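Build the full structure now, drawing on both the sequences and the hints.
Protein chains in written order, with this note's numbering: chain A, 34 to 148; chain B, 3 to 114.
Any given hint might turn out to be false.
[As the list claims (entries may be wrong)] Think about it this way: if two alpha-carbon atoms lie no more than 30 Å apart in a straight line, the pair counts; the simulated DSBU-like pairs of lysine-lysine are:
(1) B:K73 - A:K90
(2) A:K86 - A:K46
(3) A:K103 - A:K51
(4) B:K5 - A:K88
(5) A:K103 - A:K36
(6) B:K113 - B:K19
(7) B:K73 - B:K61
(8) A:K36 - B:K19
(9) A:K51 - A:K36
(10) B:K61 - B:K19
(11) A:K36 - B:K61
(12) B:K59 - B:K5
(13) A:K86 - A:K103
(14) A:K36 - A:K46
(15) B:K19 - A:K90
(16) A:K90 - A:K51
(17) A:K36 - B:K73
(18) A:K103 - A:K88
If you are wondering where the hints come from, they were derived from the structure by calculation, not from laboratory data.
Quick caveat, the model's predicted, so the values are computed rather than measured.
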Amino acid sequence: DVKVTQSSRYLVKRTGEKVFLECVQDMDHENMFWYRQDPGLGLRLIYFSYDVKMKEKGDIPEGYSVSREKKERFSLILESASTNQTSMYLCASSSPSSASSYEQYFGPGTRLTVT
Amino acid sequence: SQKIEQNSEALNIQEGKTATLTCNYTNYSPAYLQWYRQDPGRGPVFLLLIRENEKEKRKERLKVTFDTTLKQSLFHITASQPADSATYLCALVRGNTGKLIFGQGTTLQVKP
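Below, the structure is given as structure tokens:
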């Protein structure tokens, strides 16, 4: 059974704190993604990684950075958390091959509240 | 810019009826379109993919159509059940990068 896990389901942090969200997948996928999901705005891509140490900005990268030191692990970093980063954060992985239909497998999400 | 629109209003239907959800897109010609299901507090789960050269795709009680002229996909659930209640997201595949653009989702409520 394929699996994407995220380090926390719920997280509460203070403004200005550095926040790390961890994601691990066990499917040997090359592609990994970080999204945030907000009511009325849907899922928006923050960052994308297509290989170890490779990353690409998504649609809303400001205020975030990422790290991919190992194939199975993709970390999202909020350098200095702000209240407008309160959101649900979702990690996903996929195989890069079109034969896979580009199906993305999602983790359960981390609901982050910044106070 | 590329845009995907799904009906933001919730869809309420009676058990046993067919639910039809709409996904419209602009400024793009995707080769693939996907549909996901998302339950409250959980990540989306992939349901179906349809390619640009396919008019229709079926999987059990699910049917997806793809009209590249109208730039629209329809998602049907036949013989709907209360367990089908969830939010359904459509997503376009951006080129061959594997990146997706998601719609906002439509919440379906099936009443017994």
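Status of the hints after comparison with the structure:
| no. | hint | result |
| --- | --- | --- |
| 1 | B:K73 - A:K90 | holds (27 Å) |
| 2 | A:K86 - A:K46 | holds (27 Å) |
| 3 | A:K103 - A:K51 | holds (21 Å) |
| 4 | B:K5 - A:K88 | holds (24 Å) |
| 5 | A:K103 - A:K36 | holds (16 Å) |
| 6 | B:K113 - B:K19 | holds (10 Å) |
| 7 | B:K73 - B:K61 | holds (22 Å) |
| 8 | A:K36 - B:K19 | violated (34 Å) |
| 9 | A:K51 - A:K36 | holds (27 Å) |
| 10 | B:K61 - B:K19 | holds (17 Å) |
| 11 | A:K36 - B:K61 | holds (23 Å) |
| 12 | B:K59 - B:K5 | holds (23 Å) |
| 13 | A:K86 - A:K103 | holds (8 Å) |
| 14 | A:K36 - A:K46 | holds (27 Å) |
| 15 | B:K19 - A:K90 | violated (43 Å) |
| 16 | A:K90 - A:K51 | holds (20 Å) |
| 17 | A:K36 - B:K73 | violated (33 Å) |
| 18 | A:K103 - A:K88 | holds (13 Å) |
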